[in-house]
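Q: What follows is the residue order along each chain.
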Amino acid sequence: MGTPLASGVRVCSMCGKPLNTKGDCLACLLRTGLEETGVETKPAVLAFGDFEIEQHADGSCWELGRGAISVTYLAADKVLRRRVALKVIEVPAAARGSQAVRERFLREARAAAALRHPNVAAVFQFGTSPDATHCFYAMELVEGETLAARVRRDGPLNAKETLKIAIQITRALMAAAAHDLIHRDLKPSNIMLTGESEVKVIDFGLAKAITDAGGEMDLTHGEFVGTPTFASPEQFGGGPVDARSDIYALGGTLWFALTGLAPHPGKTLEEIRDRKTRDGLPVAQLIARNVPEPLVKLLRSTLAIDPAKRPASARELMEALQSCCRNLTRRIGASSEETALRNEAFARALTDAKACASDPESLRALFDSAARKASAISKKPFKQNWAYLQTMLRLIRAYHRGEYHQVSDDALLWIIAALNYLVDPFDLIPDKTPFLGLVDDAHVVELVTDKTRRTLDAFMAWETATQ
Amino acid sequence: MKTVNANTRAENRQGRSDLFPSTHWSVVIAAGRSQAEPELAGAALAKLCQVYWAPLYGFVRSRGHTVHDAQDLTQSFFAYVLEHKVYARADRQKGRFRSFLLASLKNFLADAADRERTLKRGGAQILLPLHEEQAQEAESLFQTHSGMSNEDRLFDRSWAEALVAAALERLWADYKREGKEQLFKELRMFVAGGADPPPTYAKLADRLRIAESTLRSHVTRLRARYREALRAEVRRTVDSERQVDQELRELLHVLTEM
Numbered sequence: 010m011g012t013p014l015a016s017g018v019r020v021c022s023m024c025g026k027p028l029n030t031k032g033d034c035l036a037c038l039l040r041t042g043l044e045e046t047g048v049e050t051k052p053a054v055l056a057f058g059d060f061e062i063e064q065h066a067d068g069s070c071w072e073l074g075r076g077a078i079s080v081t082y083l084a085a086d087k088v089l090r091r092r093v094a095l096k097v098i099e100v101p102a103a104a105r106g107s108q109a110v111r112e113r114f115l116r117e118a119r120a121a122a123a124l125r126h127p128n129v130a131a132v133f134q135f136g137t138s139p140d141a142t143h144c145f146y147a148m149e150l151v152e153g154e155t156l157a158a159r160v161r162r163d164g165p166l167n168a169k170e171t172l173k174i175a176i177q178i179t180r181a182l183m184a185a186a187a188h189d190l191i192h193r194d195l196k197p198s199n200i201m202l203t204g205e206s207e208v209k210v211i212d213f214g215l216a217k218a219i220t221d222a223g224g225e226m227d228l229t230h231g232e233f234v235g236t237p238t239f240a241s242p243e244q245f246g247g248g249p250v251d252a253r254s255d256i257y258a259l260g261g262t263l264w265f266a267l268t269g270l271a272p273h274p275g276k277t278l279e280e281i282r283d284r285k286t287r288d289g290l291p292v293a294q295l296i297a298r299n300v301p302e303p304l305v306k307l308l309r310s311t312l313a314i315d316p317a318k319r320p321a322s323a324r325e326l327m328e329a330l331q332s333c334c335r336n337l338t339r340r341i342g343a344s345s346e347e348t349a350l351r352n353e354a355f356a357r358a359l360t361d362a363k364a365c366a367s368d369p370e371s372l373r374a375l376f377d378s379a380a381r382k383a384s385a386i387s388k389k390p391f392k393q394n395w396a397y398l399q400t401m402l403r404l405i406r407a408y409h410r411g412e413y414h415q416v417s418d419d420a421l422l423w424i425i426a427a428l429n430y431l432v433d434p435f436d437l438i439p440d441k442t443p444f445l446g447l448v449d450d451a452h453v454v455e456l457v458t459d460k461t462r463r464t465l466d467a468f469m470a471w472e473t474a475t476q
Numbered sequence: 076m077k078t079v080n081a082n083t084r085a086e087n088r089q090g091r092s093d094l095f096p097s098t099h100w101s102v103v104i105a106a107g108r109s110q111a112e113p114e115l116a117g118a119a120l121a122k123l124c125q126v127y128w129a130p131l132y133g134f135v136r137s138r139g140h141t142v143h144d145a146q147d148l149t150q151s152f153f154a155y156v157l158e159h160k161v162y163a164r165a166d167r168q169k170g171r172f173r174s175f176l177l178a179s180l181k182n183f184l185a186d187a188a189d190r191e192r193t194l195k196r197g198g199a200q201i202l203l204p205l206h207e208e209q210a211q212e213a214e215s216l217f218q219t220h221s222g223m224s225n226e227d228r229l230f231d232r233s234w235a236e237a238l239v240a241a242a243l244e245r246l247w248a249d250y251k252r253e254g255k256e257q258l259f260k261e262l263r264m265f266v267a268g269g270a271d272p273p274p275t276y277a278k279l280a281d282r283l284r285i286a287e288s289t290l291r292s293h294v295t296r297l298r299a300r301y302r303e304a305l306r307a308e309v310r311r312t313v314d315s316e317r318q319v320d321q322e323l324r325e326l327l328h329v330l331t332e333m
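Quick mapping for you: the protein sequence lines, in order, are chains A and B. The opening residue of the first sequence carries number 10 in my numbering; numbering runs sequentially from there. The opening residue of the second sequence carries number 76 in my numbering; numbering runs sequentially from there.
Think of the hints as simulated: they come from the structure by calculation, not from any bench. Hints should not be assumed to be uniformly reliable.
Said to hold, decoys possible - Estimated spans, in silico, between C-beta atoms of each pair:
1. A:Gln108 <-> B:Arg228: 45 to 55 angstroms
2. A:Arg161 <-> B:Arg252: 37 to 47 angstroms
3. B:Arg252 <-> A:Asp251: 32 to 42 angstroms
4. A:Gly25 <-> B:Glu325: 16 to 26 angstroms
Computed from a predicted structure; not experimentally measured. Just so it is clear, CB atoms sit at the ideal spot from N, CA and C, and this is done for glycine as well.
Work the whole structure out from these sequences, hints included.
A: Put into structure tokens, the structure is as follows:
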């Protein structure tokens with residue numbers, strides 16, 4: 010029998026340490042965890058099938074990425090002697106031994122392995138561990154970084170870059186559709202960008218084929234695997250998941266690329282689900298980033314709650330993207346024409362200003378006219394107001410030289426507001442008070458951003474050339 | 076170079092499984108730093124915190140708070156950690172989950188204003204589910220060790236309790252799934268010790284009506300599986316394999332000092 014201490018606390022018959030309230034010996038239980046570790050040995054190499062996981066100098070496994078239930082490693086293919094990305098997924102306990110889950114994984118794995126496309130990271134080999142606790146597959150090792158990492162590092166992309174990426178992802182989705190394969194977990198961290206701006210979609214279908222055994226994610230039982238941020242509303246258990254779910258996820262991914270934000274962020278699954286189904290899209294984020302209207306419209310359709318209102322297929326999405334690209338190209342072409350018109354208007358305004366210099370009444374009329382136009386500036390794109398703004402800048406300089414005294418105070422305030430817009434079109438300078446005391450160019454130049462400085466320099470050069 | 080092949084080394088089955096726990100401390104920190112996937116960190120941390128609720132509660136109690144206040148404060152503390160993403164500032168290289176939680180709790184308790192504010196706002200926080208049974212067990216654990224003068228030691232002791240309990244529970248679940256729950260009950264003493272000395276292999280084998288060699292094999296396997304389950308639990312709270320040994324030694328040291 011156990012030996013009670015004087016205080017009545019029972020002790021372990023093997024080590025003499027006090028037992029806990031459950032009658033267990035904590036010391037023995039901890040010591041067992043340290044057994045067989047007294048000898049320093051070189052860390053074992055972890056291997057799955059033909060693949061050995063690479064190690065850092067300190068013996069730790071070389072991870073490329075980590076998810077909730079999976080880890081992607083840098084690994085070596087011992088047979089073909091090449092490096093691969095090896096994704097190892099822990100099969101949920103409930104799904105282990107399930108023939109249906111195993112068959113589903115194998116079916117999707119075969120489809121993924123058959124999918125060969127320049128915009129898809131190829132799947133070379135797949136398998137499951139004998140005890141069915143893990144599935145793994147070896148993918149083409151893509152050198153580069155994920156879209157998520159790129160945006161985090163460099164900030165949001167512009168519309169042109171985003172469309173270029175979108176088209177490549179859509180090509181991948183079209184190729185997948187030919188194999189009846191859907192991705193199910195498209196998101197910025199599953200989009201690899203190589204040095205040549207080539208896009209490779211990774212993790213096609215496979216991860217979810219294992220973890221999402223029922224075909225949909227069961228929110229109520231906490232079985233939602235991976236990030237729900239980019240998942241479609243129907244992936245929360247609201248309906249069948251098909252290619253349109255990938256289109257929704259692509260819409261969210263492009264939104265992130267353009268803004269650096271997810272359209273429906275949230276701290277909990279419930280919050281994200283509710284926002285997706287209840288809240289409208291925060292389109293102001295796109296407008297703030299000057300995303301062209303056709304692209305905004307396209308994103309609205311891809312992120313529709315009702316799958317029937319999204320592009321029906323990757324092919325249809327591709328047509329919409331190409332139309333968007335054409336539209337953007339036309340806008341760029343049109344801007345060349347705008348430049349010519351702007352120069353002409355600029356020259357005319359300058360001539361008017363010079364003509365008015367000796368006529369205070371005409372000058373006042375010109376200022377009032379400029380003020381009216383300036384009041385509408387916020388509703389117009391910056392470039393369209395270029396000529397007026399530049400004229401105002403010149404007139405303000407003249408005003409401060411004491412050449413004009415007839416200008417009204419209101420007009421002057423409007424002009425200063427317009428000038429603020431000129432030097433800081435993106436509202437980057439939080440306090441514009443200094444401009445109210447604008448007296449000389451040097452002061453302006455100190456405050457403006459580099460971009461605006463270049464704009465002003467260009468204006469000054471142009472003005473000098475035309476005089 | 077020693078190679079462990081997943082296809083052939085069945086004895087390391089549990090070890091491989093544990094290389095990918097879904098609530099690994101490094102996952103928490105990595106996800107906590109991500110702009111795009113904050114919900115991953117929250118969910119992972121919530122799972123970790125659930126396991127280690129009792130040590131935190133015991134520490135708060137040792138500071139003189141009543142049962143009810145200590146429950147509220149512990150819940151509020153976790154809500155505070157989750158809401159303010161305190162884990163996002165944790166240093167993965169230095170920080171073990173145990174020391175991170177204790178330091179964070181001390182700061183939380185020291186800041187009376189924060190505590191009050193969090194308590195007042197507690198109703199709107201993401202609170203961990205707290206079961207009556209869990210609360211009672213935590214209180215019982217505290218009462219058992221309330222005589223300890225050093226509150227940090229009390230915390231470490233409770234932490235060790237939570238750790239081995241989680242490992243044993245995990246192992247029990249595995250045996251149950253395999254239909255070997257009776258075997259686990261019979262052999263548990265070879266791992267957990269106890270007041271009574273274990274029976275001889277011959278006697279036990281006779282009682283279980285199995286060969287003695289088979290029994291020895293079962294015991295060896297049970298100890299190996301428990302060892303891996305325990306190390307996996309520790310691995311969830313530290314950053315590297317080396318720290319697993321270090322953490323176990325530290326906790327064992329705390330016990331042997333008592």
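Q: Does each hint fit the structure? Answer for all of them.
A: Cross-check of the supplied hints:
As the Cβ distance of A:Gln108 to B:Arg228 is approximately 51 angstroms, the hint placing it in 45 to 55 angstroms holds. Checked against the hint of 37 to 47 angstroms, the pair A:Arg161 and B:Arg252 passes, with Cβ atoms roughly 41 angstroms apart. The hinted window of 32 to 42 angstroms between B:Arg252 and A:Asp251 holds, with their beta carbons roughly 34 angstroms apart. A hinted range of 16 to 26 angstroms holds for the C-beta pair A:Gly25 and B:Glu325, which are about 21 angstroms apart.
This entry satisfies every hint, going by the numbered hints stated previously.
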